[in-house]
Each structure stands twice: as structure tokens, then as C-alpha cells.
Amino acid sequence: MLIRPVAEDFRIIGFFMGRVFAIFTVASLVPLLWAALAREWHPMSSFALMAGCYAALAAIGLRSSPKVRRLDWSHGMTVVALTWALAPLVGSIPLLLSGHWSGPLDSYFDAMSGLTTTGLSLVHDLDHLASSINFWRHFLHFLGGQGIILAALSLFAAGGGLTLYHGEAREERIMPSVTSTARFIWGVAIVHLVGGVVALTLVGWVTLGFSPMRSAFHGLMIFFAGFDTGGFAPQSTSLGYYHSGIFEAVTAVLMVAGAMSFGVHYALWRRNPGSVLRNLETRTILGSLGFTLVLTIVGLAVTGVYSSISGLARAGTFQLLSAHTGTGFATVSSAELRGWGGLEYGGIAIAMALGGMGSSTSGGVKALRIGLTLKAIGNQVRRVLLPDGAVVGTGYFQGSRKRLTPELAQSVMAVSLLYVALFLLGAGVGMAYGYSLQHALFESVSAGANVGLSVGVVDPTMMPAVLKLVFMLQMWAGRLEFVAVFALIGFLLAWVRGK
Numbered sequence: 216m217l218i219r220p221v222a223e224d225f226r227i228i229g230f231f232m233g234r235v236f237a238i239f240t241v242a243s244l245v246p247l248l249w250a251a252l253a254r255e256w257h258p259m260s261s262f263a264l265m266a267g268c269y270a271a272l273a274a275i276g277l278r279s280s281p282k283v284r285r286l287d288w289s290h291g292m293t294v295v296a297l298t299w300a301l302a303p304l305v306g307s308i309p310l311l312l313s314g315h316w317s318g319p320l321d322s323y324f325d326a327m328s329g330l331t332t333t334g335l336s337l338v339h340d341l342d343h344l345a346s347s348i349n350f351w352r353h354f355l356h357f358l359g360g361q362g363i364i365l366a367a368l369s370l371f372a373a374g375g376g377l378t379l380y381h382g383e384a385r386e387e388r389i390m391p392s393v394t395s396t397a398r399f400i401w402g403v404a405i406v407h408l409v410g411g412v413v414a415l416t417l418v419g420w421v422t423l424g425f426s427p428m429r430s431a432f433h434g435l436m437i438f439f440a441g442f443d444t445g446g447f448a449p450q451s452t453s454l455g456y457y458h459s460g461i462f463e464a465v466t467a468v469l470m471v472a473g474a475m476s477f478g479v480h481y482a483l484w485r486r487n488p489g490s491v492l493r494n495l496e497t498r499t500i501l502g503s504l505g506f507t508l509v510l511t512i513v514g515l516a517v518t519g520v521y522s523s524i525s526g527l528a529r530a531g532t533f534q535l536l537s538a539h540t541g542t543g544f545a546t547v548s549s550a551e552l553r554g555w556g557g558l559e560y561g562g563i564a565i566a567m568a569l570g571g572m573g574s575s576t577s578g579g580v581k582a583l584r585i586g587l588t589l590k591a592i593g594n595q596v597r598r599v600l601l602p603d604g605a606v607v608g609t610g611y612f613q614g615s616r617k618r619l620t621p622e623l624a625q626s627v628m629a630v631s632l633l634y635v636a637l638f639l640l641g642a643g644v645g646m647a648y649g650y651s652l653q654h655a656l657f658e659s660v661s662a663g664a665n666v667g668l669s670v671g672v673v674d675p676t677m678m679p680a681v682l683k684l685v686f687m688l689q690m691w692a693g694r695l696e697f698v699a700v701f702a703l704i705g706f707l708l709a710w711v712r713g714k
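Going by this note's numbering, 340 is the number at position 125 of the sequence shown; the sequence numbering is gapless.
Treat the hints with care, since some could be wrong.
[Claimed, not checked] Subject to a maximum C-alpha distance of 25 Å in a straight line, what follows is the list of computed SDA-like cross-link-like pairs (lysine to any residue):
id : residue 1 : residue 2
1  : LYS617    : ALA636
2  : LYS617    : VAL491
3  : LYS590    : VAL630
4  : LYS590    : LEU600
5  : LYS282    : GLY233
6  : LYS590    : LEU619
7  : LYS714    : ALA237
8  : LYS714    : PHE225
9  : LYS617    : LEU501
10 : LYS714    : ALA222
11 : LYS683    : LEU341
12 : LYS617    : VAL698
13 : LYS590    : SER548
14 : LYS683    : SER548
15 : LYS590    : ILE565
16 : LYS282    : ALA237
17 : LYS282    : LEU311
18 : LYS683    : ALA636
19 : LYS683    : ALA647
20 : LYS714    : ARG226
21 : LYS590    : ALA647
Hints are computed from structural coordinates only; laboratory data are not their basis.
Based on the provided sequences and hints, a complete structural model is requested.
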């Protein structure tokens, strides 16, 4: 029987959402300051309106004053799911008022795409977008990739923090407490921010001939989208705009760093690479990278898309790496990518679906789930083939020696199947609107796995409104990895039908 939520339940949820929206209020002052310094007065007023809306939501939530300021599991998951649905709605205000989006749905689509680090976009005339608006698009990647919940945990150290942490699809507690883990993740982000922006700025200034200010701007934007595996770019041609192998190489390092779990970052910082190489997840992602790269390169070679080996290797490797890390940068146009077929198309699509490591900024099914699923299947096959009474090992190494229990195997398989269902949902709707299976499935995987590569289905002039809504649902559910979404649905059902 469903138990109907009482007033105290709503006060608890409202109070903690108020805390999170207080963080968004502070975050929204950053683009406001940017617009003021750039003398972009119209965007500045839209950021002020956005900050005011966030502040109003924060004030309403914080005034709820529950008796017990501690989250249980269902409350925390509901807070996370609602935050990720409402925060981009308010965050879309500057996009809508800029005039570069066709309407509220398109601007909400891009804000959702930004916060979920997807990178699909419905913007018009990106090349002439105000710098502060462009900054806000990329800053959404940073907020979503590092996790605004993590910021709330770091600053407030609120009770029930572990629930919020897991609700954001974070699974590793690297440090003794979730708060110290959150602060470590922010520390990793700051170190990469400094190193990545400096490196990209130098490449833009020295190699590409950009002015220092322009180099710094592009370096910062590409860092936000690269390390947070988002995929937005300041120019409409994505990374193809720079025509630079060095720029692509530096960006590739940031993409790989963003797709690595923060547990791996911690082990590398502790100078313990041996344990990283022993991890099931590391071996799985290296295997899937190799497999999908071979598919992509062989497919491109067979179809003769590129006349030179260097061009083939460079384009194929970068697109594959961008897909597998869940970043969504491209050095080729959507039209050119649409022309790829066969093996290379399949290699990119599989890489997008698999994604990066768990507890990273990447999306997709995640390497650890793939590794555990394969191991569970292998164990089952061995049980069938070996004589009765034979012992089949169930251990695996992931930071330490662990046991693959039947419950864990069921859990990872269930989430993996949910991702498959999510991908098929978007593909089915796309096909209903006349897109081919190949293109509809590619774009659906890109949305559901929070990647952002596109073959032209996501288009500001032609995309059906229903398909936009479906892709937004995919971005939201894929980013939260379903648990928080189901918790919200359960809470709403209990509210409507509970006793």
C-alpha cells in the first residue's frame, strides 16, 4: 500500500531544494558579472532575472523549516530528480531572452542539455552569440559535471548527504565522508581547470594566432565542455573550427580525464597506478575502446571516406574518443558524420552507449556495469560447463578485492537494460517521425547517454516538438541513472493514490 506524503515530507524536500537553489543563485552571479564586464547589458538583465528566480525558489524552500533537517532515501532522491528538472528551466531564461532560440521549449532543451553534460543544441547563429550567454551555456556543463549537489554538500555538510550523493549517480566514496569526497572532486576539477585552460590558451595564442583574450575565452569554454564531457562549443563547427592537431590532442587529454572515475584520479594522485590497472573497470574500458576503435578505423578505411592514413586515423580516433568519453566534440560536420556508414557508424554508436567510467562526468551504461555484466555471464556459462560441485570464482578487483553477488549482478543488468530501453524509446519516436532507424538510433543513444554527437536529427528548424521532449526526458533520466527518477515517480504516485 502506498502511504500518502504528509506536510512534513514536503517541508523536508522544499528545505533541501531551497539549499540547492541557493547554490544556483550564487552560481548565476558569475555570468551576470561576466556580462557586466563585457558591457552586454541585455544579457546582464536576463541573468539578473534568472538569479532573482533562483533566489525566490531558495527563499521559498528555506522558509519551509522542517522539524527534522535530515533526508531519508526517498526524500533525497526526490530532491535530486526535481532539482535536475527545475534548475535548467530557470537556467533557460537568458537563452530564451537572447533571441537565439525559437521558443521556451528550445531554450529549455539547451539548458537541460547543458546541465546534464549532453551537448545537443537547438541554438540559431551560434557564431554571433553574446560571450556571456556562451559562457553560461558552458558553465552549465561545469555545474552539471561536477554536480551542483556536490557543491551543496561541500558548503552545507547537510544531513542525508549520502542520499544526495547517490541520487546524482555517484557511487564511490573516496574519502571517509561524503563531504570530504565532494571536496576532493572539486579539488580535482580546480587543478584540471588551471592546467587545462592554461594549455589551451597557449595553443590558441601561439599556434592558432588568437589574441590573448580570445585564446583564454576559447580555452575556458573548451575546458568546461571537455573535462565535464559536455560537448558544447563556442563555434558552430565544434572543434573543427580550430583545424589544429595540437588543440585536439590537449582537448583529448581533458576528455579522458573527465571520463575517468574520481577513484582513479585519487589512486593516481596517491601514485598507485598498479591498482588502477588491476581494476575490472579499467580493463573493461580499455577493451571497449580498442574494440570500437578498430571497428571505426576499419570501417572508414573500407568505405574510403579519407584519402590519407593520417586523416583517417586522426578523424576516426578523435570522434571515437569523443563518443566513448561521452563528450560529443566533433572535428567533422553533422552532414559528414551522417555520411559515415557500416562499421564506423556502429563503432561510434556502441562507444556512445558504453560511455566512460562510473563516478565520472561521463554518461552511458558505464564500464564497470559492462565489466560486471560480462563477468556474471561468464560465471554462469562456467557453472553450466563445469562438473557439478565445481567452485566458480565470483571475485573481482575494483580498488580492492570484492565479490560479485547475485544481487549486484541483477542490479547492474537491470540498469543496463533500462539504458537499452531508453535508447529504443527515442529511436522509436524518431522513426515515427520519418527518420531512418540508423539515424534515429544514433541520435537517441547520443541523448540518452549524454554524449551530444549529432547526425542532424537535432535541428533548430525541423525537429518535432514531441521528439525534443523525448530527448530531454532521455537526457534527464540518463544523467540520473534512473533511481532518482523512479523515486520521484513513486513519491508522486503516493501523493495522488496513497492512503
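Legend entry - Hints not upheld, ascending by number: 1, 7, 13, 17 and 21
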